[in-house]
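S.K.: For the sequence shown, the residue numbers in mature numbering (1 follows the signal peptide of the UniProt record, and there is no 0) are -37 to -1, 1 to 587.
There may be inaccurate statements among the hints.
Taking lysine to any residue and the SDA-like style, the derived pairs with C-alpha atoms no more than 20 Å apart in a straight line are [said to hold, decoys possible]:
no.	residue 1	residue 2
1	LYS200	GLY166
2	LYS512	ALA213
3	LYS425	ASN461
4	LYS508	VAL524
5	LYS581	ARG297
6	LYS202	THR94
7	LYS263	GLY210
8	LYS459	TYR503
9	LYS144	PRO179
10	LYS564	ILE522
11	LYS581	THR352
12	LYS459	PRO97
13	LYS23	ALA213
14	LYS469	ARG427
15	LYS361	SER173
16	LYS508	ALA553
17	LYS263	GLY218
18	LYS523	ASN475
19	LYS23	GLY218
20	LYS202	LYS144
21	LYS414	SER399
22	LYS353	LYS581
23	LYS508	ASN475
24	LYS425	ASN400
25	LYS523	GLY473
26	LYS425	SER399
27	LYS575	ALA553
28	LYS523	THR566
29	LYS200	HIS404
30	LYS419	THR463
31	LYS353	LYS312
32	LYS419	GLN369
33	LYS512	ILE574
Beta-carbon label-pair distances, calculated as ranges [claimed, not checked]:
no.	residue 1	residue 2	range
34	PRO179	GLN582	30 to 38 Å
35	THR259	LEU409	50 to 58 Å
36	THR252	GLY473	15 to 23 Å
37	ALA213	THR95	36 to 44 Å
38	ILE522	ASN400	36 to 44 Å
39	LYS200	GLY473	41 to 49 Å
These are calculated hints, taken from the structure and not from any lab test.
Glycine included, each C-beta is placed from N, C-alpha and C at the ideal position.
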Amino acid sequence: MSGRGRHRRRIRIAVPVAAAALAAAVGGALLMSSANAASTQPAPLARATGTSPSLATLEKRIAGAIASDGTAGQPTAKSSPSTGTSTSASTGTGTGTGKTATTGTSTGASANTSGASVDPKIIGGTTTTITTAPWMAQLLYSDDKGTSSTSDDVGFFCAGSVVSPTKILTAAHCVKGYDWKAHGAVVTGTSQLPSGGGTDLHGGTASFVSRQWNHPSYNASTINNDIAVLTLDGPVKAKPIRMTTSGDTASYASGTKATLYGWGRTSSATQDISETLKTATLPIKSDATCGGYYKTEFIKGHMVCAGNPATGSDTGTTSACNGDSGGPLIVGGRIVGVVSWGVVDCVQKGAYSVFTKVSTYVGATYPRIDDTNLSGDHKADLFVRNSATKTLYEKDSKGTSFGARQSWGGWSASNVVLQADLDRDGYQDVVERRTSNGDIHWWHYLPSTGKWADTKLFSDWKTRTRVVAPGDVTGDALPDLLSVDSGGVLWIYPGKGNGTFSARVKVSSGWNQYNSLRAHGDFTGDGKADLIARSKTGSYVYLFKGTGKAGSGAFSSRIKVRTWAGYNAFDAVGDVTGDGKADFLARTPAGTLYLYPGTGKATSEIFATAIKIGTDFKQYDIFG
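When you get a sec, could you build the whole thing from the sequences and use the hints?
M.R.: Structural data, given as structure tokens:
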């Protein structure tokens, strides 16, 4: 787009060379003086995020990105596909590698020696409003390298989708190799790009990125596994949109109408990106069609392409383009694709826009969106309580071990302590059951005051034999709770995402045959929360695969995956190793704790070979 009468520096997309503390104690009713000493509870993620930058700092980053000529995910030279040179759809100058998401020609400092460059945009689209796509996010990155020269500056623009109040789904080529915490900003809640030197957000909100993750197998040369998640330092008001499910095939049927959104280029004749949000409808194309055009550059199962064949010019072409990188392709109200790459200038005759196939990556991204993470490093951490002193300790994951314990003070009044971000604010909460009366309490951190608030969720759960915080069971992207009553009935309490719950829903009876019921996260790689249960008789371990539904259909029929007679305590806190798969912990009566890394398989190979964590865990009577 022209920039509405004022000059805008071109934003280009990466060209894939191959296919072208907690303060004082909380007063009043917040804490019991005899237990759970608030003065010793640390501020969540404080060690990881530190102090958030000022608005002025974020505005400076935004201004730098808007004024940039850079390209995200700049690739290294690689032979072009037989049909042309592909490029990534992000815009900006980068030092990494990667294809451009939807085509464009870049002229900035590029590592690409083939002469191709990228500028993603929606060509042939129409203007829309943020009301129609409230989940849309602008990703702006600017790093002047601290030098007086502009030749080494890095700046670019990508798009993303709010998939949780603190989580942005985007493309890996927009994230890999960049320090978003130090140099990035995310703007939500507006259809307009920032102006006025980054100070006018047109009603939008600027957020600080506290963490970043890209798929560990992302390949910048092939632009394979091109998916990533940014974690914001606080929740945004934008309404989230859900990813599609792993079993979704209907959305990818040839001819299915999909909707694309973005701020990318709107013409192959100019590298200016659009200052206003655009949208377009594209038909999904079959793998055979995509592979027929792109040959080996198109990786079946990992990518999906959409749109009618480009005409060779803007006229008659509807396509994603540079600047659209990381944005969503939507079918039925869910994200089915992430803008990834395309041909240079986006209109090469016969070409299609290529997207990351989200159904393939739901399992890998799920732990990043619903993470049980106290330290802020994308690895699930552990709570343990000393049975003698009743002191609760946090032990942060190091991948295949745990760090030195950190005291959370005395928790003598509790017999259950679990982690769960019930209000989806990005801070880990604590779900606690009081021993005296069975009441369930929710401890949630209030950044505005630096204190922990205590809210009673349920009364008299004293006879509940199991309480579980598995994540999202019902498939609505909101965290739920489970409990088993004295009669052995399993109940789901659907979360509303604000620490409150809808009326409970019965799953089934017979659950008192199990002496352990643990869960947090996805054990099978399908993006749905599962359960792990061990029987009292025979010590058989069963997997109950989540279906994403409520009620009697919430879990599939059990699958026997192990026999564990040598353990007397278990825990499931999520992805301990950080590889995107939920893991499991088991302790022997002698006190040796083992980590069972998840494999993502729904078979007897659900866990890899156990890793010995330590021998001093007999002292703990609560794991959570």
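S.K.: Each hint should be assessed against the structure and marked as holding or not.
M.R.: Evaluation of the provided hints:
Between the alpha carbons of LYS200 and GLY166 the distance comes to roughly 12 Å, so the proposed pair stays at or under 20 Å and holds. Annotation: proposed proximity of LYS512 to ALA213 holds, straight-line Cα distance about 18 Å (limit 20 Å). The straight-line distance between the Cα atoms of LYS425 and ASN461 is roughly 24 Å, outside the 20 Å bound, and the hint therefore fails. Between the alpha carbons of LYS508 and VAL524 the distance comes to roughly 12 Å, so the proposed pair stays at or under 20 Å and holds.
Distance restraint check for LYS581 and ARG297: the Cα-Cα separation of roughly 46 Å exceeds the 20 Å cut-off, and the hinted pair is therefore not satisfied. The hinted pair formed by LYS202 and THR94 meets the criterion: a straight-line CA distance of about 10 Å does not exceed 20 Å. Straight-line distance between C-alpha atoms of LYS263 and GLY210 comes to about 16 Å, which keeps the hinted pair within the 20 Å bound. Between the alpha carbons of LYS459 and TYR503 the distance comes to roughly 34 Å, so the proposed pair goes past 20 Å and is violated.
A hinted pair counts as satisfied when its Cα atoms are at most 20 Å apart, and LYS144 with PRO179 qualifies at roughly 19 Å. Taken as a hint, the LYS564 and ILE522 pair is honoured in the structure, with Cα atoms around 11 Å apart against an allowance of 20 Å. Pair hint LYS581 plus THR352 holds up; C-alpha atoms about 13 Å apart against a cutoff of 20 Å. Proposed proximity of LYS459 and PRO97 is supported: the alpha carbons are some 19 Å apart, at most 20 Å.
Restraint check: the Cα-Cα separation between LYS23 and ALA213 comes to about 44 Å, which exceeds 20 Å; the hinted pair is violated. Between LYS469 and ARG427, the direct Cα distance comes to roughly 14 Å. Compliance with the 20 Å bound is thereby established for this hinted pair. Straight-line distance between C-alpha atoms of LYS361 and SER173 comes to about 19 Å, which keeps the hinted pair within the 20 Å bound. With a C-alpha separation of about 31 Å, the suggested pair LYS508 and ALA553 falls outside the 20 Å cut-off, and the hint is violated.
Restraint check for LYS263 and GLY218: satisfied, since their Cα atoms lie roughly 17 Å apart, inside the 20 Å limit. Our distance criterion of 20 Å between C-alpha atoms is met by LYS523 and ASN475, whose separation comes to about 17 Å. At most 20 Å may separate the alpha-carbon atoms for a hinted pair to count; LYS23 and GLY218 exceed this at roughly 44 Å. A hinted pair counts as satisfied when its Cα atoms are at most 20 Å apart, and LYS202 with LYS144 does not qualify at roughly 23 Å.
Taking the CA atoms of LYS414 and SER399, the gap is near 25 Å; set against the 20 Å cutoff, the hint is violated. The hinted pair formed by LYS353 and LYS581 meets the criterion: a straight-line CA distance of about 14 Å does not exceed 20 Å. Between LYS508 and ASN475, the direct Cα distance comes to roughly 19 Å. Compliance with the 20 Å bound is thereby established for this hinted pair. A threshold of 20 Å between alpha carbons decides the hint, and for LYS425 with ASN400 the separation of about 6 Å falls inside it, so the pair holds.
Proposed proximity of LYS523 and GLY473 is supported: the alpha carbons are some 16 Å apart, at most 20 Å. At roughly 8 Å between alpha-carbon atoms, LYS425 and SER399 fall within 20 Å of each other, so this suggested pair holds. Between LYS575 and ALA553 the CA atoms are separated by roughly 13 Å; this keeps the pair inside 20 Å, and the hint holds. This hinted pair checks out: LYS523 and THR566 have alpha carbons roughly 8 Å apart, not beyond 20 Å.
Our distance criterion of 20 Å between C-alpha atoms is broken by LYS200 and HIS404, whose separation comes to about 26 Å. With a C-alpha separation of about 10 Å, the suggested pair LYS419 and THR463 falls inside the 20 Å cut-off, and the hint holds. For the proposed pair LYS353 and LYS312, the alpha carbon gap of about 70 Å is over 20 Å, so the pair is violated. Note on LYS419 and GLN369: the hinted pairing is violated, with a Cα-Cα distance of about 26 Å set against a maximum of 20 Å.
About 34 Å separates the Cα atoms of LYS512 and ILE574, which puts this hinted pair outside 20 Å; it is violated. The given range of 30 to 38 Å is respected by PRO179 and GLN582, whose C-beta atoms sit roughly 35 Å from each other. Evaluation of the 50 to 58 Å hint for THR259 and LEU409 yields a pass: the beta carbon distance comes to about 53 Å. For the pair THR252 and GLY473, the beta carbons lie near 49 Å from each other, so the given range of 15 to 23 Å is not met.
As the Cβ distance of ALA213 to THR95 is approximately 23 Å, the hint placing it in 36 to 44 Å is violated. A hinted range of 36 to 44 Å holds for the C-beta pair ILE522 and ASN400, which are about 37 Å apart. A beta carbon spacing of about 43 Å between LYS200 and GLY473 agrees with the range 41 to 49 Å that was offered as a hint.
When each numbered hint is compared with the structure, violations occur for hints 3, 5, 8, 13, 16, 19, 20, 21, 29, 31, 32, 33, 36 and 37.
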